[in-house]
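Peer 1: Chain by chain, the residues run as shown.
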Amino acid sequence: MKKIGVFVCHCGINIASMVDIPAVVVELKNYPGVAHIEDYKYMCSQPGQDLIKKRIKEKELDGVVIAACSPNLHEETFRKASKSAGINPYMCEIANIREQCSWVHTDKKIATQKAIKIIRSIIEKTKYDEELKPIEIPITKKALVIGGGIAGIQTALNIANSGFKVILVEKSPSIGGKMAQLSETFPTLDCSQCILTPKMVEVAQHKKIQLMTYSEVEDVSGFVGNFKVKIKKKASYVDFDKCTGCGICTEKCPSKTPSEFNEQLGKRKAIYTPFPQAVPNKPVIDKDNCIYFKTGKCKICEKVCPFDAIDFQQKEEIVTLEVGTITVATGYDLYEKANMEEYGGGKIKDVIDGLTFERMLSASGSTDGEIVRPSNGETPKEVVFIKCVGSRDPENHYPYCSKICCMYSAKHAMLYKHRVPDGQAYIFYMDVRTAGKGYEEFYQRVAEEDKVIYLRGKVSKLYSEDGKVVVNGVDTLSGENIEINADLVVLATAIRPSVGIEKLVNILKIQMDKNGFLTEAHPKLRPVESLSAGIFLAGCAQAPKDIPDTVTQASAAASMVSTIFSRKKLYHDPLTAGVDEDLCSGCNICVGVCPYDARELNSEKGVVEVNEGLCEGCGACSSACPSGAAQQNNFTDNQLNRMIRTILS
Amino acid sequence: MEISYYPGCTLKEDAKNLENTTLPLLELFNIQAKELENWYCCGVSFSQSSDNLMQQLAPIRTLIKAKESGRKRLLTLCDMCYNTLKRSALFLLNDEEKREIINDFMDREETIIKGDEIEIVHILSLLKEIGTEKIKEKIVKNANGLKVATYYGCMTLRPKEIAIDNSDNPQIMDDILKAVGCESISFPFRNECCTSYQIVNEPDIVKSQTRKIVNSAIKNGAEAIILSCPLCHYNIDAVQKEIKEEDESFTTLPVLYFTQLLSLMMGIDPSLNDFSLHHINPKPLLKEKKLI
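If you're matching them up, the sequences are chains A and B in order. Residue numbers for the first sequence follow the numbering used here, beginning at 1 and rising by one. Residue numbers for the second sequence follow the numbering used here, beginning at 1 and rising by one.
In case anyone wonders, no lab produced these hints; they're calculated from the structure. Any given hint could be a false lead.
Over the 10 Å line for every Cβ pair with chain A, so calculated as not near, a few chain B residues [what the hints assert, rightly or not]:
1. E2
2. N169
3. N281
Using C-beta positions, here's what the derived DEER-type ranges look like [stated by the list, open to error]:
4. A:I195 - B:K219: 48 to 54 Å
5. A:L189 - B:A179: 52 to 58 Å
6. A:E370 - B:E137: 52 to 58 Å
7. B:E117 - A:P626: 50 to 56 Å
Heads up, simulated BS3-like pairs for lysine-lysine below, C-alpha to C-alpha not over 25 Å straight-line [as the list claims (entries may be wrong)]:
8. A:K461 - B:K212
9. A:K461 - B:K138
10. B:K178 - B:K136
11. A:K347 - B:K147
12. B:K147 - A:K468
13. A:K349 - A:K230
14. B:K178 - A:K347
15. B:K212 - A:K458
16. B:K160 - A:K461
17. B:K207 - A:K461
18. A:K228 - A:K242
19. B:K241 - B:K138
20. A:K347 - B:K219
21. A:K349 - B:K219
22. B:K212 - A:K347
23. A:K468 - B:K219
24. A:K514 - B:K160
25. A:K458 - B:K98
26. B:K160 - B:K98
27. A:K349 - B:K212
28. B:K212 - A:K468
29. A:K461 - B:K219
Cβ coordinates follow ideal geometry from the N, Cα and C atoms, glycine included.
Produce the complete structure using the sequences and hints provided.
Peer 2: Right, dumping it as structure tokens:
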């Protein structure tokens, strides 16, 4: 029989105050299989670990049970200690008598009895534990980054600067994302394009970065270190190898359509680059608005192109690539105004959203930085900014705070006052949230120096009357109803995950929350990892955040990627579920329940096979398998039955 | 088709014309509204009571009567009754503990009620079910481009759980009226509160709100305000007359139940409208549009 050592931790008073540890030691001393039992105040401390190591050698133990806190916390610590004392780390098991016992009980007697049962059941498990070795996996040292906004750009540059290859995929014709649309950035008011475009150029020129714009990820298979990715390159109808970006085609194109980059404020051509500083600075043809594609006649761009770069025959193309990691940096979209019926449902011309106002403020926007009323082009003298539009409204819209609106609305009001000094700006708010370096000081400046009127209350209704937008609101501090005849209303509409995120989530098999934001592996300690190994998150795809936070998270994601690439090989936890081919009937049930696509039916052999690199050891297959063929290492039916019997006895 | 029908107090007095024009209209679609026997107040006037279980008894007893009638659906014409009955049914359904207390308390009723047995249907929803195509078929008189301001108030729109339409942009009445040839003007106060029972103690609040509603409807080109709620009707119709008495310059607008307008267009006996109940006389407008 195995010689098992039991080590009971006091965790200071965390365990000892609710569990009678001397009683536990006495009770278990003669339990079958226990060769040694001992308690200590802090088992995870260096003296505690030394004690375990010493006893393993001294008593020639085959396995150890540490009765302490949750395995989430210190399983790895104790397994390392056991390994250094010469036993297989998977022969070290944790009995959780803190989170699942002392912390949740108030009766010491009962808690003590429960602790004894928990420890006994783990002793039973350990008796049947097998020695396991981590699974070795090779790594393709090439990173995929999805999304070319500031989050994707920063991630790509950091990985590339660590010396690894990066493929940056962007669905629109240029990288830059939402940040490229912004005018000046809070709280320092640096020009957004001035700080962003050098990074965009760096991406384009970086030897380690392969830029794939106008492209989308269509399919992903494989696992950490070994992903296989299919990317669709949309037809641009321009041969980028020949095109020099001279712009003659755009200049001569007769078809105009509202510009997405300028938030419909200005027009763009059917053959276009989204903005003059676009990277790559090469145009694409928007098929839906191209006269040739609609009528079969025109081809002016082809005639004027000096380099013969227009190719109406071009087809979309699927490129298959192998990568080791994937970073999702797909950003956000604004919640549509059409969803806000009480604010005109998007039908009132002089009610715009924050990004549209950014394009108005931007020197490169369609108004050359002049603030105008979209309805008549006049300078607005009364401007109302409304915050929390669609945010913090669990009953009707989104429950969360969009985080950046307090700051950008303050910035909007300030920039408005600087450009229209005799105008009046009002901000309706629920709270003013300015947590961030220099943010509170910025807000104070806006409220005090720029004399922006802050009104604490919600706006119930907007409607147009006599050429004005009537704002019906309330000031909850004075208790007064407020009615303002505004010239322009700017809605700080909620930040929502990029339109189409659901499709990508399905392709990547990662998780998202009920609002569509990607789920991180741990909200505090693993904020840039998804729950799938090798897939990382950066920027607003994970949660609303401002530029500094986005860049921070992107750098962290890049660092996680570099950590993986810095190793020779990857090691996967061997607590996987296998297949006993003698028992497997090939019924396929386990294939359906596996959330990681790790199991596949080999129809020739008539049995299921497991990709150990993908298996996360969740146990779904083991519990679903009707014949007991899917046994999980060190969680076999035999072990679980014995544990349950021990607990119930 | 038969449907249980709960009239409510107002429908037998001030809003007789709402009932009198609705029931024959439903007959045209072969719908027989079967009035519940021995019904009493829906309970809306007790809803300010602080004892939140006692206030539920009246509507729950009505639900029990409806259940005992054997029919699954209960029609209401009055917005207030609709709101009260529907919310009480939901209250019962969602709070098992209180449901038991209430059922134990009501020792004279033999039927136990859970809350989901009876579907409370507002007349606008019933007409939506019939569909605009079928409604159009019954029209015999043209509206001659009558410009209407539809007024929904709040009782059929709030709270969200019982709303018959989008509370911020309701269309259910507009869809019907547009289909029969009326022009529905856009008008920002269509889903604003009429100020309800403020009429009892604070008539000035009602006056100022009615003024706002009527002025906006006129400004946007309306020739009449069309609604479904008897309390909204009183606050907007009767109060307009009071405003006019104080302020000669105030322009009034006739206020009609949407079923009055439909029944006239469907050729139902005009005398059922009992125009003497109106404080702002709609007859000149209806004559001008050749509806009477």
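Peer 1: Look at each hint and say if it fits the structure.
Peer 2: Hints, verified against the model:
With a cut of 10 Å on Cβ distances, E2 of chain B stays outside the contact zone with chain A, its closest approach being about 37 Å. Its closest Cβ contact with chain A, about 4 Å, brings N169 of chain B to no more than 10 Å, contrary to its assignment away from the interface. Interface exclusion of N281 of chain B from chain A stands, the closest Cβ pair being 28 Å apart, more than 10 Å. Taken as a hint, the range 48 to 54 Å holds for the pair I195 of chain A and K219 of chain B, whose Cβ atoms sit roughly 49 Å apart.
Between L189 of chain A and A179 of chain B the beta carbon distance is about 55 Å. The supplied range of 52 to 58 Å therefore holds. The hinted window of 52 to 58 Å between E370 of chain A and E137 of chain B holds, with their beta carbons roughly 56 Å apart. A C-beta distance of roughly 43 Å is found between E117 of chain B and P626 of chain A, which places it outside the suggested range of 50 to 56 Å. With a C-alpha separation of about 14 Å, the suggested pairing of K461 of chain A with K212 of chain B holds against the 25 Å cut-off.
A hinted pair counts as satisfied when its Cα atoms are at most 25 Å apart, and K461 of chain A with K138 of chain B does not qualify at roughly 37 Å. Proposed proximity of K178 of chain B and K136 of chain B is supported: the alpha carbons are some 10 Å apart, at most 25 Å. Restraint check: the Cα-Cα separation between K347 of chain A and K147 of chain B comes to about 21 Å, which is no more than 25 Å; the hinted pair holds. Only pairs whose Cα atoms come within 25 Å are accepted, and K147 of chain B paired with K468 of chain A is accepted, the gap being roughly 23 Å.
With a CA separation close to 42 Å, the supplied pair K349 of chain A and K230 of chain A exceeds the 25 Å bound. For the given pair, K178 of chain B sits about 20 Å from K347 of chain A by alpha-carbon distance, which is consistent with the 25 Å threshold. For the hint linking K212 of chain B to K458 of chain A, the alpha-carbon distance of about 21 Å falls within 25 Å, and the restraint holds. Simply put, K160 of chain B and K461 of chain A have alpha-carbon atoms about 17 Å apart, close enough for the 25 Å limit, and the pair holds.
Between K207 of chain B and K461 of chain A, the direct Cα distance comes to roughly 21 Å. Compliance with the 25 Å bound is thereby established for this hinted pair. A hinted pair counts as satisfied when its Cα atoms are at most 25 Å apart, and K228 of chain A with K242 of chain A does not qualify at roughly 30 Å. The straight-line distance between the Cα atoms of K241 of chain B and K138 of chain B is roughly 34 Å, outside the 25 Å bound, and the hint therefore fails. Straight-line distance between C-alpha atoms of K347 of chain A and K219 of chain B comes to about 19 Å, which keeps the hinted pair within the 25 Å bound.
Restraint check: the Cα-Cα separation between K349 of chain A and K219 of chain B comes to about 20 Å, which is no more than 25 Å; the hinted pair holds. Between the alpha carbons of K212 of chain B and K347 of chain A the distance comes to roughly 23 Å, so the proposed pair stays at or under 25 Å and holds. Taken as a hint, the K468 of chain A and K219 of chain B pair is honoured in the structure, with Cα atoms around 14 Å apart against an allowance of 25 Å. Between K514 of chain A and K160 of chain B, the direct Cα distance comes to roughly 21 Å. Compliance with the 25 Å bound is thereby established for this hinted pair.
Distance hint between K458 of chain A and K98 of chain B is unfulfilled; the C-alpha atoms sit about 35 Å from each other, more than 25 Å. Of the supplied pair hints, the one linking K160 of chain B and K98 of chain B holds, its CA atoms being roughly 22 Å apart against a limit of 25 Å. Distance restraint check for K349 of chain A and K212 of chain B: the Cα-Cα separation of roughly 24 Å lies within the 25 Å cut-off, and the hinted pair is therefore satisfied. For a cut-off of 25 Å, the pair hint linking K212 of chain B to K468 of chain A stands: about 17 Å separates their Cα positions.
Proposed proximity of K461 of chain A and K219 of chain B is supported: the alpha carbons are some 18 Å apart, at most 25 Å.
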